[in-house]
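Protein chains: 2
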Amino acid sequence: MKHIKIGLLGLGNIGKGVWNIIENNKNKVESYIGSSIEIKKILVRDIQKNRDISVPKEILTTDPNKIIQDPEIDIIVEVMGGIDTAFEYIKESFKNGKHVVTANKAVIATYGDILYELAKKYGVALRYEASVGGGIPIINTLTQSLSANKIDELVGIINGTTNYILTQMSDFEMDFNEALKLAQKKGYAEADPTSDIEGEDAAFKLSILISVAFGIRISPNEIPREGITKISKKDIEYASQLGYKIKLLAAAKKLDKNFEFYVHPTLVPIHHPLASVSNEFNALFIRGNAVGELMLYGKGAGSMPTGSAVVGDILEICKIIKTDYKNQSIDPFKEINLNIIGEGISQYYIHTEVVDKPGVLGKIASTFSKYNISLESVVQRARGNQSVPLIFITHEVERNQLDKALEEIKQNRFVNEIASILRVENLS
Amino acid sequence: MKHIKIGLLGLGNIGKGVWNIIENNKNKVESYIGSSIEIKKILVRDIQKNRDISVPKEILTTDPNKIIQDPEIDIIVEVMGGIDTAFEYIKESFKNGKHVVTANKAVIATYGDILYELAKKYGVALRYEASVGGGIPIINTLTQSLSANKIDELVGIINGTTNYILTQMSDFEMDFNEALKLAQKKGYAEADPTSDIEGEDAAFKLSILISVAFGIRISPNEIPREGITKISKKDIEYASQLGYKIKLLAAAKKLDKNFEFYVHPTLVPIHHPLASVSNEFNALFIRGNAVGELMLYGKGAGSMPTGSAVVGDILEICKIIKTDYKNQSIDPFKEINLNIIGEGISQYYIHTEVVDKPGVLGKIASTFSKYNISLESVVQRARGNQSVPLIFITHEVERNQLDKALEEIKQNRFVNEIASILRVENLS
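Going line by line, the protein sequences match chains A and B. Residue 299 in full-length UniProt numbering sits at position 299 of the first sequence, and the numbers go up by one each step. Residue 301 in full-length UniProt numbering sits at position 301 of the second sequence, and the numbers go up by one each step.
What the hints contain is simulated information worked out from the structure, not anything from laboratory work. Since we're looking at a predicted model, the values are computed, not measured. Any given hint could be a false lead.
Copies of the same chain look alike in the list, so a pair counts if it fits in one copy or across any two.
Below, a list of computed lysine to aspartate or glutamate pairs in the DMTMM-like style, where the Cα atoms sit at most 20 Å apart [what the hints assert, rightly or not]:
no. : residue 1 : residue 2
1   : 26        : 46
2   : 28        : 38
3   : 186       : 398
4   : 28        : 152
5   : 40        : 343
6   : 150       : 23
7   : 253       : 396
8   : 16        : 153
9   : 186       : 293
10  : 26        : 152
11  : 233       : 396
12  : 370       : 403
13  : 150       : 30
14  : 91        : 70
15  : 253       : 117
Model the full assembly from the supplied sequences, consistent with the hints where possible.
The following block contains the structure:
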């Protein structure tokens, strides 16, 4: 019975979760793999720092090579974050014959293809369940449970910070800045929240999901994205009156020969299961050609949920180690016949602020018509002020065509502002 | 590169799904396992029967031994249903060194422990993802993705027929018999619906889930269960007025040293994600000590969703075959310190029909009080008739204590009927 030894790179939030889970659930974990297991060494920046965790100081080190080059260590667990240093350490680990588990979405989204090839070359395993959706088993479901399916569509809420903010705005009529401050106070948003609220974090995760589900490599930078900073509580109220909730959706879908994807604030019908995903929770809706519709829901972040996914990956590798390991990483299946489209056509919700004069609506409607954009509905919510909201829901249109029309509409002297442009998805 | 051959026992609804998925997704499937794959022989009762599927007649046989004893066949897929014959065929398959995939909840719930031991003895794999929740990856999630967790609670909607009926009753104000007939017409209920509507099917599945999640073997017969036949559209209406939906829940949870479980119609708060699981959909809520709350949602039945899970299992076994297989079945982890309780304490919804006389409510309330049952709320929905509904929601009480009180309440000559007894779960 092999005794399995682990090297941990990083002892922040996720690293502590990994330590606590292995300590607290030791019986369960060791019974599952049929071996004993031990975290032998942990890389930290400062050994003397006070930590609210029972890790013996002797196993801490500031020298990564003491871990990566230790011949007794079987598995390296990278939970330090960042991109380039983490990338270097993972490569070095492979070269030293170590299997690697990482929770690092940025490094997988940016260098996943290179790491995949390297793992294959060195005959070791690379697992990254925790990089998307925290403790929710998204990667395992897509790569294993749904292996019999061609995936047609993914659409989900994969950033907990923005979902928490949107939920607070919706349930307690806060504006964006109030809700952001509350999220920061509660630890759901970072001091610098840019990556979350501008949709970059979601784009990293969507890039990983696209490669896992469709076998297509799209860099996070190539994903059309918009954050939630421009959403007002008025938008949330109007959307609600129309029967929708506003969610930051990440989506990718095959439509005939086209492949579309985006990260964008979107109106979701109120009775759709995604509309009831609240606060810091995440959910991913998957459509496969055999399984039909599937949804996975849970906590997308946090020390213990993310640690749950990391330790799950560690244990799968333990089971591999105990057999005669041959590389079991999954060859992404390339569907080379698809046209890479980006965000494709959609219905849109346009919130304009206009002067309440006769003829303004007609003028705007004519401009839409000139650009071949037809309207599903128009709603005017107030009257008589200097600036009144006028809400349009369009039929399906390409974004750049919409932008041309809006550019012209903005020139109209009775139009004060194009306050919001949101997608509308009438998810079947 | 090994060519993998499969023997299929049964070509009903699920068998056809398995055939269609392997045919339609052949490129994806073969790329995933890195081998070619073929269904070599299929056991049927009648070779000449007309089937709406492109299976060549030459591969059909009525002799199970032609499949089970074929030395070329690697994997036997049992999708014929029933209990004892299926059990015999699976045992014979193991003895012939075959790995087995089954979608048969009855055989796994009844003989899972024996089959698990036999698979271990013969060094082969047994997989049964499709036995619970159709295409939803419940078994994989519990056994693999959540392997780092101790599971504290499972609660779910795991029977699509009853959920379809309850949804129709709720959304279209049908009574039970109307909704059942519609379900039969749509193919969601069998000609003899007993097993579904009386909760037997859910008890089979819960028995499997309990063994997989908690390592405890509870026979389906030992699970306290009640079906949905006594639920009236009035109950659904009253529940709705109180902020609840009625769902047939299957649940199992650890409470300190006790282990509780049941299949029972239950009031679920309307904003809980389980309340929005409609029609034939299934969902399972899981609470693990690391991951927190997780929910899996999808189609719990049907040819293609169930086939998706069966083929997923086949492909995992293919990957095992390609390595040097050592038994990888999961040893259930026995938590022997738990007291097996059955359904434990709960809040209850009691719908009584009474004569509208002064003093009736007081009399009933006193009887509850005599049995130490305190009431959370009492609602009287109508006045002045011979029979008026009087609804009680109790605080937490043991079921047998409640039954004693209700027995005495029934003796009251102004109580016409105890119309319904439903659980209330204020799922956190």
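Verification of the hints:
Neither within a single protomer nor between protomers do residue 26 and residue 46 lie at most 20 Å apart by alpha-carbon distance, with minima of 27 Å and 53 Å respectively. When the C-alpha separation of residue 28 and residue 38 is checked against a cutoff of 20 Å, the pair qualifies only within one copy, where the shortest distance is 14 Å, while the shortest distance between copies is 38 Å. Proximity of residue 186 and residue 398 under a CA criterion of 20 Å is satisfied in neither setting, with 39 Å inside one chain copy and 39 Å between copies. Taking CA atoms no more than 20 Å apart as the test, residue 28 paired with residue 152 passes between copies only; the shortest distance there is 13 Å, against 37 Å inside one copy.
In this assembly of identical chains, the alpha carbons of residue 40 and residue 343 never lie at most 20 Å apart, being 46 Å within a copy and 44 Å across copies at closest. In this assembly of identical chains, residue 150 and residue 23 lie within 20 Å of each other by CA distance solely across copies; the values are 12 Å between and 39 Å within a copy. Within a single copy, residue 253 and residue 396 get their C-alpha atoms as close as 16 Å, which meets the 20 Å cut-off; across copies the closest is 47 Å, which misses it. For the identical chains of this complex, residue 16 and residue 153 are neighbours neither inside a copy (35 Å) nor across copies (24 Å), given an alpha-carbon limit of 20 Å.
With identical chains, the CA atoms of residue 186 and residue 293 are at most 20 Å apart between copies only, with a shortest distance of 19 Å across copies and 34 Å within one. Taking the closest pair of Cα atoms, residue 26 and residue 152 come within 20 Å of each other only across two copies (16 Å); inside a single copy the shortest separation is 40 Å, beyond that limit. Taking the shortest alpha-carbon separations for residue 233 and residue 396, neither the intra-copy value of 25 Å nor the inter-copy value of 41 Å comes in at or below 20 Å. For a Cα distance limit of 20 Å, the shortest separation of residue 370 from residue 403 inside one copy, 13 Å, qualifies, whereas the shortest one across copies, 72 Å, does not.
When the C-alpha separation of residue 150 and residue 30 is checked against a cutoff of 20 Å, the pair qualifies only between copies, where the shortest distance is 12 Å, while the shortest distance within a copy is 35 Å. In this assembly of identical chains, residue 91 and residue 70 lie within 20 Å of each other by CA distance solely inside one copy; the values are 15 Å within and 46 Å between copies. Proximity of residue 253 and residue 117 under a CA criterion of 20 Å is satisfied in neither setting, with 26 Å inside one chain copy and 44 Å between copies.
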